[in-house]
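Asker: Sequence:
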Amino acid sequence: MMLLHRFIPNRWYNLGSLIETFLPWFGLFIPPLIVLAALRRRPLAIVVALLPALVWLKLYAGVFPDKTDGSGSFRVLAHNVNAANHQTVATAEALLEADADVVALVELTPEQLAEYDEAFGEHYEYTAAFGTVALWSEHPIVLTSEIDLQLGWTRAFRAQVDVDGRPVAFYVAHLLSVRVNTEGFTSDDRNRTAELLGEAIADEPLDRVVLLGDLNGTMQDRSLAPITYQLRSAQAAAGKGFGFTWPASNPLARIDQVLFRGLEATDSRVMEPTASDHRPVRADFDF
1 MMLLHRFIPN
11 RWYNLGSLIE
21 TFLPWFGLFI
31 PPLIVLAALR
41 RRPLAIVVAL
51 LPALVWLKLY
61 AGVFPDKTDG
71 SGSFRVLAHN
81 VNAANHQTVA
91 TAEALLEADA
101 DVVALVELTP
111 EQLAEYDEAF
121 GEHYEYTAAF
131 GTVALWSEHP
141 IVLTSEIDLQ
151 LGWTRAFRAQ
161 VDVDGRPVAF
171 YVAHLLSVRV
181 NTEGFTSDDR
191 NRTAELLGEA
201 IADEPLDRVV
211 LLGDLNGTMQ
221 DRSLAPITYQ
231 LRSAQAAAGK
241 GFGFTWPASN
251 PLARIDQVLF
261 RGLEATDSRV
271 MEPTASDHRP
281 VRADFDF
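In this text, residue positions in the sequence shown follow our numbering: the first is 1, and each later residue adds one.
If a hint is listed, it holds; no wrong ones were tucked in.
Quick list of the computed label-pair ranges, beta carbon to beta carbon:
(1) Ser-249 - Val-180: 13 to 23 Å
(2) Leu-28 - Pro-140: 42 to 52 Å
(3) Arg-222 - Pro-43: 33 to 43 Å
(4) Arg-6 - Gly-121: 40 to 50 Å
(5) Tyr-13 - Leu-54: 26 to 36 Å
(6) Arg-166 - Ala-53: 38 to 48 Å
(7) Pro-43 - Glu-97: 51 to 61 Å
I should point out that these hints are in silico values taken from the structure, not numbers from a laboratory. From a predicted model like this one, the values you see are computed outputs, not experimental measurements. All residues carry an ideal CB built from backbone N, CA and C; glycine is no exception.
Could you build all of it, start to finish, from the sequences and the hints given here?
Answerer: In structure tokens:
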């Protein structure tokens with residue numbers, strides 16, 4: 001299943017995407033298999049039990065080495081602050097400690113937006129906000145445009161930020177949530193928003209692109225392919241470990257992403273939890 005997960009069909013309850021979302025956790029079944037095989041004292045059983053261990057290592061061994069290369073030319077931060085989070089001042093203070101050049105927040109209420117604007121006002125000269133998503137920057141934001149995800153309200157936009165005179169296209173997005181219920185892994189609406197965001201990124205004229213936000217899916221989820229086939233993960237390129245972000249108290253998956261192209265990632269980290277149900281993520285980049 002781990003080796004051939006791409007061939008598990010989605011036509012039954014989106015089973016393939018569900019398995020891909022939590023694929024790393026299937027490694028927990030391997031140690032009991034090895035122990036049981038050892039107790040049987042049959043060499044063939046031990047060899048067979050080791051096969052899934054080798055597959056798991058093939059998939060994820062590269063995740064564990066620390067690929068951090070120090071601070072970059074600029075730092076970005078992304079956080080789903082949670083519309084029900086009333087501790088906006090404390091959350092803003094925690095985010096400011098990261099000393100990021102660009103901060104993207106999603107799932108904002110109008111009241112929260114005003115409160116974060118006030119909290120960030122002394123630190124970030126430039127800001128852009130559309131619907132429930134917003135961006136604050138130390139560098140000039142020269143162009144902004146909404147990305148229509150066909151939802152009736154705005155959950156994504158593009159902003160061109162001139163970082164030290166070099167234009168970078170920033171995309172801030174909060175894709176629709178997925179559900180696991182009696183109907184299975186229901187992600188059709190999320191998948192449609194991923195396709196529309198992928199089309200917008202494909203039409204991007206700038207070479208340097210950074211996508212920040214909550215995609216409600218992991219890099220392994222095939223339904224995010226319209227996005228992930230175009231962009232790299234900062235965590236995979238310059239982080240250490242899986243970088244799980246959700247749920248904040250006991251993270252099981254990385255659904256909050258910093259993706260990029262046309263830049264060099266030098267650092268990627270998951271920050272300490274705030275009062276949100278997601279953990280913030282940050283990354284450093286060089287030109």
